[in-house]
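Build out the structure end to end from the sequences listed, making use of the hints.
Heads up, the sequence shown is in the working numbering, so the first residue is 55 and it goes up one at a time.
Accuracy of the hints is not assured; some may be wrong.
[Stated by the list, open to error] Cut-off 30 Å, straight-line C-alpha distance, at most; resulting in silico cross-link-like pairs (DSBU-like, lysine-lysine):
1) Lys-225 <-> Lys-244
2) Lys-104 <-> Lys-195
3) Lys-104 <-> Lys-155
4) Lys-155 <-> Lys-195
5) Lys-155 <-> Lys-218
6) Lys-169 <-> Lys-155
7) Lys-693 <-> Lys-664
[What the hints assert, rightly or not] Have a look at the derived ranges for each label pair, beta carbon to beta carbon:
8) His-363 <-> Lys-195: 50 to 60 Å
9) Ala-297 <-> Asn-229: 32 to 42 Å
10) Phe-579 <-> Asp-690: 48 to 58 Å
11) Phe-579 <-> Lys-693: 38 to 48 Å
12) Ala-253 <-> Ser-97: 56 to 66 Å
13) Asn-229 <-> Arg-298: 55 to 65 Å
14) Gly-674 <-> Leu-766: 25 to 35 Å
15) Tyr-455 <-> Thr-354: 44 to 54 Å
16) Pro-411 <-> Phe-579: 46 to 56 Å
17) Tyr-455 <-> Val-567: 51 to 61 Å
18) Asp-501 <-> Tyr-455: 25 to 35 Å
19) Asp-564 <-> Gln-585: 12 to 22 Å
20) Ala-753 <-> Lys-693: 41 to 51 Å
21) Arg-481 <-> Val-303: 16 to 26 Å
Just so you know, the hints here were simulated from the structure itself, not pulled from any lab data.
These numbers come from a predicted model, not from an experiment.
Each residue gets a CB set at the ideal place from its N, CA and C atoms; glycine is no exception.
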Amino acid sequence: MIPALGHRDCKGLVVLGVLLGIQWETGCTQISYSIPEELGKGSFVGNISKDLGLEPPELAERGVRIVSRGRTQLFALNPRSGSLVTAGRIDREELCIGAIKCQLNLEILMEDKVKIYGVEVEVRDINDNAPYFRESELEIKMSENAATGMRFPLPHAWDPDIGKNSLQSYKLSPNTHFSLEVQTGADGIKYPELVLERALDREERAVHYLVLTASDGGDPVRTGTARIRVMVVDVNDNAPAFARSEYRVSVPENVAVGTQLLVVNATDPDEGANAEVMYSFRYVDDKAAQVFKLDGNVGTISTIRELNHEESGFYEMEVQAMDNAGYSARAKVLITVLDVNDNAPEVVLTSLTSSVPENSPRGTLIALLNVNDQDSGENGQVICFIQKNLPFKLEKSYGNYYSLVTDTVLDREQVPSYNITVTATDRGSPPLSTETHISLNVADTNDNPPIFPQASYSAYIPENNPRGASLVSVTAGDPDCDENAQVTYSLVENTVQGAPVSSYVSINSDTGVLYALHSFDYEQFRDLQLQVMARDSGVPPLSSNVSLSLFVLDQNDNVPEILYPTPPTDGSTGVELAPRSAEPGYLVTKVVAVDKDSGQNAWLSYRLLKASEPGLFVVGLHTGEVRTARALLDRDALKQSLVVAVQDHGQPPLSATVTLTVAVADSIPDVLADLGSLESPANSETSSLTLYLVVAVAAVSCVFLAFVIVLLALRLRRWHSSHLFQDAGEGLAGMSASHFVGVDGVRAFLQTYSHEVSLTADSRKSHLIFPQPNYADTLISQESCEKSEPLLLSGDSGFSKDNHALIQVGPYQIFFSELGAQYPLSIDLCMYIWNL
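Pasting the structure below:
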């Protein structure tokens, strides 16, 4: 801002020294600034510190402040910069409306010198306001006969800005009837006027829409608009006119009195009262005046009495339409009275049958009709027909006679009765018709066998059902009626497992309900296939069959059966071997069980109920495999007793248990030393077997030193090999089929587990060596062990390498070897270890 600075003397102010007791010198200095309007708060106005000859910090030290009162404070002092700034938004139009020059005055007091400085701030105008009309829409009414050149004053626009920013010009939207002229008043205000340049015609265009635009001279230019609607006022300058010059109408003679026949319509392009038209007869004869009347306001012509075609068949008259100015128009009206068909045809039933059998042939006569109409010409010509989609037809026989006959073979089961409507219609205008109704019943014949709603039936019954239990209900429908629809039920003769089907189930001949004659067992009898016959009572009777499948549902009525280990018959338990060197997870044996039930009732799970050493063994939940849970310790007893439970998933669940004895040892002497603790007190033969086994081991050691035994072993090799293969063949041939167990039709293979026990000799000791488990394909039962012949142990390669001999002991294979020596071993040892 460039301040305009002027110093001039002014009158003295009130002496403050009167109040304070000190006389100070007073003075007044004028400072001028100029700013544009619409500055924001804090905008720079002038450098007041510079104009006062002070530094910015001295303003506060010398108590310089604004002392203007009586209005809102518009300015403030910035003590840091020493400048005068705006205290808020300054709007010139709000502060100095209507003034050519907007000047704001304030006083600044310097307290230390008690000196007043006058500040004059001029607010310059900017183009911040657009011209505007106080009425944005204006309606002007002009008569359509107004003379060209007439002027119509328009409202002027307002613009609070001044100078070139104020209103400068007006502009009218382009049109063909009006122009714009602007007059400037004595006050300098521009007044627009609308000038009519072309004559108006309301019938051509009733409303003219114009836009008046006011513009100022600012940069950029601002404008304001007003919408002008010129309404053209009508004058009566047009005559009425009929839509048609001639009106024709044909009226039947039987119209009711007061019927409106036609409407004559004349229109006037004027509006309001100038368009009102009155109707009247211009010419009408006396006969027509007695029959017709004309409504003068709406132009309707109606009858005032009955018409008679025979009296007069044609009327001619002239109608006039006139408006308020006396302008008129006329039209001719021609009315023709038509003859009407006032007699309906007559239908007489000469012959009629009320019932017809459904197997009647096509063309069977139902009724004979006579049709007549008293009218003449087309009004007396009659056509006769029945409704469509019926198995009948009308045939014209002689003169006015018609025969109603069947068109197809009838079916009572589809439609038991018919309501036939015979319609006779003449050719009059409008046509008249007569309807005659005939009721016909279709008599039934036994032409439909009983029908089952389903092609086959299935029923489910739980096993162990009570005798006489209801199984299923089969019903058949017969579309015939009466006796032809009475159905009885029976079973078609058939045999099931050599017995007649009637010995298993019975059927109620009236209701079709089947009952069980005895209790079914799912494990023996799973389904029953039979046929049910339905026969009606017609002549001849008709019948049909339907197949029925009865399925027996399994219940949990069988306890799981343990296949391995085989339950003992002498009260002893089987013995399984586990080496002390076995790692955790070592497979000791497997419990195999089956359930004769099916589905969920046959799902088995295994769990360990009791163990002499808890935590030493675990049982697979679903496999039944007995494995070591931890490594075997020296303190673990040689004999471990396990009780394994097998349980199914039926409701309620059933279970079975088996007791396993596991022998834990690392060497054969340990086994022999503790065998006595495993045998039953009642078994006296086991002690002798132990002694015999000790003697056999000692003999093996002695004979080992003899070279003669080696030669003898070579000599007997062939003999031993032939007997070994023979015994092996007999063992495979005697394998029990129970090792393959079927569960729900699926054959489950029972795996067995065997150990190879090799007896070796060093200088003084014999040891038991336990290799990893060997999986065999079958389980060797106790009976197969008992039937085996004593085996000669030799070093023949027919059994294994390194001169090993194999003994099958229960589910185990024991190998004894001795560097070319061969020894016979009694089967009693096999039996002894099996009973352990």
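| query | Looking back at the hints listed earlier, which ones does the structure fail to meet? | reply | 2, 4, 13, 14 and 20
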